[in-house]
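> Each chain, letter by letter, is given below.
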Amino acid sequence: MADPLAADDVLMSALADRDLSALAALYDRYGRLAYALAYRILGEGEAAEDVVQDAFISAWRGATSYRRERGNPRGWLLSIVHHRAVDVLRRKTAFRPAPLEIAEQRAADEDTAAMAERNVEQQTVRQALRTLPDAQRRTIELAYFGGYTHVELAELMGVPLGTVKGRMRIGLQKMRRALEGTRA
Amino acid sequence: MIGHVSDDLELYALGALRSGEADRVAAHLGTCAACRNELAEIATVVSALPDMVPSREPPAALRSRILAAAAAVLPPAPPGRPGREATWTPRRMAGWLGVGALAAAVVILFGLELDSQQELRTAEAERAQVALIGEKVAYGGRNWYMVGLDQWKGSGGTLFAPTKTDVSPFVVFHDLRPLSAGAVYAIWLVDADGHWTRAATFRPDGHSVQSVDLTVKVETFAQCAVTLEMSTEGKRAGPVVMQSRIAPPAQ
Numbered sequence: 000m001a002d003p004l005a006a007d008d009v010l011m012s013a014l015a016d017r018d019l020s021a022l023a024a025l026y027d028r029y030g031r032l033a034y035a036l037a038y039r040i041l042g043e044g045e046a047a048e049d050v051v052q053d054a055f056i057s058a059w060r061g062a063t064s065y066r067r068e069r070g071n072p073r074g075w076l077l078s079i080v081h082h083r084a085v086d087v088l089r090r091k092t093a094f095r096p097a098p099l100e101i102a103e104q105r106a107a108d109e110d111t112a113a114m115a116e117r118n119v120e121q122q123t124v125r126q127a128l129r130t131l132p133d134a135q136r137r138t139i140e141l142a143y144f145g146g147y148t149h150v151e152l153a154e155l156m157g158v159p160l161g162t163v164k165g166r167m168r169i170g171l172q173k174m175r176r177a178l179e180g181t182r183a
Numbered sequence: 000m001i002g003h004v005s006d007d008l009e010l011y012a013l014g015a016l017r018s019g020e021a022d023r024v025a026a027h028l029g030t031c032a033a034c035r036n037e038l039a040e041i042a043t044v045v046s047a048l049p050d051m052v053p054s055r056e057p058p059a060a061l062r063s064r065i066l067a068a069a070a071a072v073l074p075p076a077p078p079g080r081p082g083r084e085a086t087w088t089p090r091r092m093a094g095w096l097g098v099g100a101l102a103a104a105v106v107i108l109f110g111l112e113l114d115s116q117q118e119l120r121t122a123e124a125e126r127a128q129v130a131l132i133g134e135k136v137a138y139g140g141r142n143w144y145m146v147g148l149d150q151w152k153g154s155g156g157t158l159f160a161p162t163k164t165d166v167s168p169f170v171v172f173h174d175l176r177p178l179s180a181g182a183v184y185a186i187w188l189v190d191a192d193g194h195w196t197r198a199a200t201f202r203p204d205g206h207s208v209q210s211v212d213l214t215v216k217v218e219t220f221a222q223c224a225v226t227l228e229m230s231t232e233g234k235r236a237g238p239v240v241m242q243s244r245i246a247p248p249a250q
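Each protein sequence line maps, in turn, to chains A and B.
With the first letter of the first sequence counted as 1, position 37 gets the number 36 in numbering that gives the first Met the number 0; the numbers rise by one all the way through.
With the first letter of the second sequence counted as 1, position 55 gets the number 54 in numbering that gives the first Met the number 0; the numbers rise by one all the way through.
It should be emphasised that the hints constitute simulated quantities derived from the structure, not laboratory data.
Note that the Cβ used here is the ideal one computed from N, Cα and C, for glycine as well.
Just so you know, nobody snuck in bad clues.
Quick look at which bits of chain A chain B covers, simulated, 3 or more residues with Cβ under 8 Å: (1) 14 to 23; (2) 43 to 56; (3) 63 to 71; (4) 122 to 135; (5) 144 to 154; (6) 169 to 176.
Far from chain B, by Cβ distances over 10 Å, these chain A residues were calculated: (7) T92; (8) G157; (9) V158; (10) P159; (11) T162; (12) G180.
This is chain A alone, in the form it adopts within the complex:
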């Protein structure tokens, strides 16, 4: 089977050469995931579309500055999508301390999860996240999907900044070990 990461590298090379069909192929490969991520963060289709369009145009313009040693193309593209989506979310909703349950509901909305395609990768990541203690899992989810800064999280969860930072660090370390274990 072809290595998808190697194929991604070929795409990035073509993208840097301003080959529009490479952009089309990159969209075909990751457009759905990018849209799902933006939708999860923003909770509405039109804003998610704008973010995805913005991210792919940014990739098109910035392909020559992409450096493989800083991450694979998939991670690079999704980090652009995430960054833009969180930017939009923060501009749209000036932070107000909200009850923790509401914040968690928004960040970890499971209503459509039942319809989700439960592929192996999805199950692996969910499983890795499930292995974390609740406090670590919630901190990571609220930061990544909820767009909360560490200062907001400390206020929201009623814990010191250092605790937020520690939960993220230990949680991500455990996830990494869990993912390595399942992929080995």
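Following the hints, position chain B against chain A.
Below, chain B without anything else, positioned relative to chain A:
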């Protein structure tokens, strides 16, 4: 060099730093290979998080919008440049030729071999037209894609409402069907009460991509549509060829 930023790398990778703090970390990463390597390890885990998001299909028109916008902001290079991957040939592009307005035109212009002077002149005319459209698209603004209906499936048009106030709104059509003598296409804007306002009337010019300016601003309308008419003025009488809702501006 400022001190290492190891303590903040998880926050940075998760996007949980405030903007000034993130800028400080980014500045350090630009100069410190050790912190960059550490971040790359953390980013591997963070980049797996989107995999737990329920799958969601984006609207079909998004793909063509992205390709059209890409072609407008930074024109693609012609094929055959040294160093290009052989995988990405014009033949491979055929799969999406039908869906992108500007993108399709660009591919046609750069991708096909031109056998005659006539074809060359036609291509040059299209190239000039695409360049003109690209300039207008580059102004930025909002856009909506109208999907061809019934026998117009495969055709489509993107309505652009430029941010620049002295530029008229316009529609970029692709793959328009030719019309019989006397028939015209009419572009309409429809308000929330269902009142139709004719915004332009035109005939296809035979190019794969055609831009048509509107005489009416789109802001107060709820939908746009194209109909087939037998008159260049008057009320709507013919069938709807394509249409789209127009979302109100963000509050």
